[in-house]
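Peer 1: The numbers in the numbering used here rise by one with no breaks, and the one at position 12 of the sequence shown is 341.
No wet-lab data here; the hints were simulated from the structure. Any given hint could turn out to be false.
Beta-carbon label-pair distances, calculated as ranges [what the hints assert, rightly or not]:
no., residue 1, residue 2, range
1, 347, 383, 29 to 35 Å
2, 366, 395, 32 to 38 Å
3, 396, 363, 20 to 26 Å
4, 395, 355, 34 to 40 Å
5, 410, 354, 15 to 21 Å
6, 374, 407, 29 to 35 Å
7, 330, 377, 23 to 29 Å
8, 389, 333, 35 to 41 Å
9, 351, 410, 21 to 27 Å
Every value quoted in this text rests on a predicted model; they were computed, and no experiment measured them. Beta carbons: idealized from backbone N, C-alpha and C, even for Gly.
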Amino acid sequence: MACAILVGALTVLMFSVEAWDGPWRPAFALAYVAMTFVFLARGLAGYIPALWRRTRTTSFYRLNRLYYSPLCLLIAAGLVVNFILG
């Protein structure tokens, strides 16, 4: 889990640094867009009722709808804004 967070942070950092314009820049851009779509898909998946039909009685279902899915959507929106501005 910590490695995934580190890779995500380094992907955003390497994409955002304008002075670093090496041959790996398109790879970082592709990884950045893929990470954005992963967060967007995870955020939207929390609001699809068919995926959570069996878990409606668990506390995760409530926490997912209140915190986890909106947080993923917020991260995806932040990545999109950073992509547009950067």
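Peer 1: Going back to the hint list, which numbers does this structure go against?
Peer 2: Result: hints 1, 2, 6 and 8 break, sorted rising.
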